[in-house]
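Undergrad: All chains should be modelled from the sequences, with the hints used to inform the complete structure.
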Amino acid sequence: MADCVIVDGLVKRYGWRVAVRGVSFAIGEGEVVGLLGPNGSGKTTILRVLGGYLPATTGTVQIAGIDVAADSLAARSRIGYVAEDAPLYDGMRVGEFLHFMAAIKGVPGYKAHNAVAMAAKQVDLSAVLALPIGRLSRGYRQRVAIAQALLGDPPLLMLDEPTNALDAYQVIAVRKLIRSLAGQRTVLVASHVLGEIERIASRVMILLDGCLLTTDAMREAGHARQLRLRIAGPASEVLRALRQIPSVVAAASEPGEIGDGYLVELAPTQPVSELARALIGQGFALSELTDVKRDLEGVFLNLTRRAGIVEAEAP
Amino acid sequence: MRRFAALLLREERAIFTSSIAYVVVAVFLVIMGYTFTLTLFLSHSPTLVHLFFQIYVLFLLTVPIITMRLVAEERRLRTLELLFTAPVSEVSVIFAKYLASLSLVLVMLALSGAYAITLGILGQPDWGPIWSGYLGLFLLGAALVAIGLMTSSLVSNQIIAALLSLSLFLLLWIIDHFGWLLPDPFDALVVNLSLLVHFTPFATGSIFLSDAGFFISVALLGLFLSVRALGRR
Chain E
1 MADCVIVDGL
11 VKRYGWRVAV
21 RGVSFAIGEG
31 EVVGLLGPNG
41 SGKTTILRVL
51 GGYLPATTGT
61 VQIAGIDVAA
71 DSLAARSRIG
81 YVAEDAPLYD
91 GMRVGEFLHF
101 MAAIKGVPGY
111 KAHNAVAMAA
121 KQVDLSAVLA
131 LPIGRLSRGY
141 RQRVAIAQAL
151 LGDPPLLMLD
161 EPTNALDAYQ
171 VIAVRKLIRS
181 LAGQRTVLVA
191 SHVLGEIERI
201 ASRVMILLDG
211 CLLTTDAMRE
221 AGHARQLRLR
231 IAGPASEVLR
241 ALRQIPSVVA
251 AASEPGEIGD
261 GYLVELAPTQ
271 PVSELARALI
281 GQGFALSELT
291 DVKRDLEGVF
301 LNLTRRAGIV
311 EAEAP
Chain Y
1 MRRFAALLLR
11 EERAIFTSSI
21 AYVVVAVFLV
31 IMGYTFTLTL
41 FLSHSPTLVH
51 LFFQIYVLFL
61 LTVPIITMRL
71 VAEERRLRTL
81 ELLFTAPVSE
91 VSVIFAKYLA
101 SLSLVLVMLA
111 LSGAYAITLG
121 ILGQPDWGPI
131 WSGYLGLFLL
141 GAALVAIGLM
151 TSSLVSNQII
161 AALLSLSLFL
171 LLWIIDHFGW
181 LLPDPFDALV
191 VNLSLLVHFT
201 PFATGSIFLS
211 DAGFFISVAL
221 LGLFLSVRAL
231 GRR
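Read top to bottom, the protein sequences are chains E and Y. Under this note's numbering, think of the first position of the first sequence as 1, with each following residue one higher. Under this note's numbering, think of the first position of the second sequence as 1, with each following residue one higher.
Don't read these hints as lab results, they were simulated from the structure. Just so it is clear, the structure is predicted and the values come from calculations on it, not from any experiment. A virtual CB, placed ideally from N, CA and C, is assigned to each residue, including glycine. Treat the hints with care, as some may be off.
[Stated by the list, open to error] Distance ranges between label pairs, derived from CB positions:
#1 Y:I160 to E:D71: 34 to 40 angstroms
#2 Y:S19 to E:Y14: 34 to 40 angstroms
#3 E:G91 to Y:G128: 41 to 47 angstroms
#4 Y:P46 to E:R135: 51 to 57 angstroms
#5 Y:R228 to E:A130: 35 to 41 angstroms
#6 E:R138 to Y:I160: 27 to 33 angstroms
#7 E:R17 to Y:L99: 43 to 49 angstroms
#8 Y:I31 to E:R138: 43 to 49 angstroms
#9 Y:S217 to E:G183: 53 to 59 angstroms
#10 Y:V107 to E:K111: 30 to 36 angstroms
#11 Y:N157 to E:R138: 24 to 30 angstroms
#12 E:A70 to Y:L189: 38 to 44 angstroms
[Claimed, not checked] Simulated coverage check for chain E against chain Y, where a stretch passes if three residues somewhere in it have a Cβ under 8 angstroms from a Cβ of chain Y:
#13 43-52
#14 67-81
#15 85-96
#16 101-108
TA: See below:
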């Protein structure tokens, strides 16, 4: 599978503020990838750089083999972009707007009518083509934004917070729509809503404070082994002892637990018995040891917590 | 070319379907009609010189209203993100906005042509100064629209864009008064920045390439700075 998007060492600064810190990743053709991160983590900035709207401070971005900085117009002609909150020309009618977007995306005149009709049908807009965009509901606005992104049949579709502020029915409809695009083209979806990304994407990248923590959170969820332990004793001593055990990758108090619960991540091939033996050998009373089936939420919490610890421990 | 045509058509529609355009044109015509009638009855001479100076002042006041929303509104509504993630360049977007706004200025000038026709029917005017006056007004309009577009590209608030344009226009109108106070060679430099100094010869029937060059240079500088401002995202 060839890569549709290649990002290498991307840094974006706004004056003194660093929004994106050396991000690198690749997305293969036909993949549906989610970019997950809290608000302000740099998702929109990354999408804007990929879309050619913002220049990168350093680093390179290639879309379908074209360097975005070197030939921005050619790269942009291979992108369908849905910006956050769907900014559109409210004074235009839906059909008129889609014809306008088809023209500026270089769809030839004789193909424009069919292209608009196809895009409108794909997102179920045919009934509102004659209405002014300013009179549409948020859900329909989002559909219009997606329809314009589909015009010109770009190989890459990027959607920034596509379900933001939509009601439950609209969220379901948009999610279904994005899922239906999987396989036909490469899709990159940025969102801070973990549940949305989990449902839509086949691969999830996690971004925190401009740093990419993982390019495949699902794989981490599948491979890493997490255990829930209950150990009596002062938390600081227990955590210190846990972190000294070689097979322990990460250890932390269980969120929400006031007592003696801990979450421990083991190196993939290490046996659990070694951990139990080491703890008992140091005189700790181990009362519970259970496997935790990790989901995306667990990976997200674990990675962001670990990044937070690293940041806190930095001099 | 199809991309540029689409951009231009969208801008033309946006301008000619806005109520602001019609209010501006209506106010322009009412004031012009009053001035034309008054000067004709008072002076009894078949000339449009007074009218040209009146249009000059009205352009300084109305062009900021025409240009204020051009980019500022797109910046506020974030539709620039829509445009610049599509394969269109800053130059084509700016040029489309510029031509569309200039077309409204041309419509205003064309409608004021009714006064020249009336003069032609009622008397025997000297057509040379009338043609040169209209050429001067067109060049003035071209320069003012470029400056207005530039200020609109700098901010995301229409009102601030309009006030900024108006301030610049008024400064360029009266700058020669300050110029005369300065020592040589700064006096000539500042006086030559005056819009009125370069417009007066056109209005009175004299065409100098230096005056035409001034307006064209201001227009090109305004367009260049607009493109640069739009690139600053």
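Undergrad: Confirm or reject each hint.
TA: Evaluation of the provided hints:
1. A beta carbon spacing of about 35 angstroms between I160 (chain Y) and D71 (chain E) agrees with the range 34 to 40 angstroms that was offered as a hint.
2. Between S19 (chain Y) and Y14 (chain E) the beta carbons are some 37 angstroms apart, a value that agrees with the proposed interval 34 to 40 angstroms.
3. Here the CB-CB span from G91 (chain E) to G128 (chain Y) is close to 44 angstroms, well matched to the stated 41 to 47 angstroms.
4. Checking the proposed 51 to 57 angstroms range against P46 (chain Y) and R135 (chain E) shows it holds: the Cβ atoms sit about 53 angstroms from each other.
5. The hinted window of 35 to 41 angstroms between R228 (chain Y) and A130 (chain E) holds, with their beta carbons roughly 39 angstroms apart.
6. The given range of 27 to 33 angstroms is respected by R138 (chain E) and I160 (chain Y), whose C-beta atoms sit roughly 29 angstroms from each other.
7. For R17 (chain E) and L99 (chain Y), the Cβ-Cβ distance of about 38 angstroms falls outside the hinted range of 43 to 49 angstroms, so the restraint is violated.
8. Against the hinted window of 43 to 49 angstroms, the Cβ-Cβ separation of I31 (chain Y) and R138 (chain E) comes to about 44 angstroms, which satisfies the hint.
9. The hint said 53 to 59 angstroms for the Cβ distance between S217 (chain Y) and G183 (chain E), and at roughly 56 angstroms that hint holds.
10. For V107 (chain Y) and K111 (chain E), the Cβ-Cβ distance of about 34 angstroms falls inside the hinted range of 30 to 36 angstroms, so the restraint holds.
11. Here the CB-CB span from N157 (chain Y) to R138 (chain E) is close to 25 angstroms, well matched to the stated 24 to 30 angstroms.
12. The hint said 38 to 44 angstroms for the Cβ distance between A70 (chain E) and L189 (chain Y), and at roughly 42 angstroms that hint holds.
13. Only residues whose C-beta sits within less than 8 angstroms of a C-beta in chain Y count toward coverage, and the region 43-52 of chain E has 3 of them, enough to reach three; the restraint holds.
14. Coverage of the region 67-81 of chain E by chain Y holds [criterion: at least 3 residues with CB-CB distance below 8 angstroms; count 6].
15. For the region 85-96 of chain E, the stated coverage by chain Y holds: 7 residues have a C-beta nearer than 8 angstroms to a C-beta of that chain, and at least 3 were required.
16. Remark: the region 101-108 of chain E is confirmed as covered by chain Y, as 6 of its residues place a Cβ nearer than 8 angstroms to a Cβ of that chain, reaching the required three.
Checked against the numbered hints above, the structure breaks only hint 7 and satisfies the rest.
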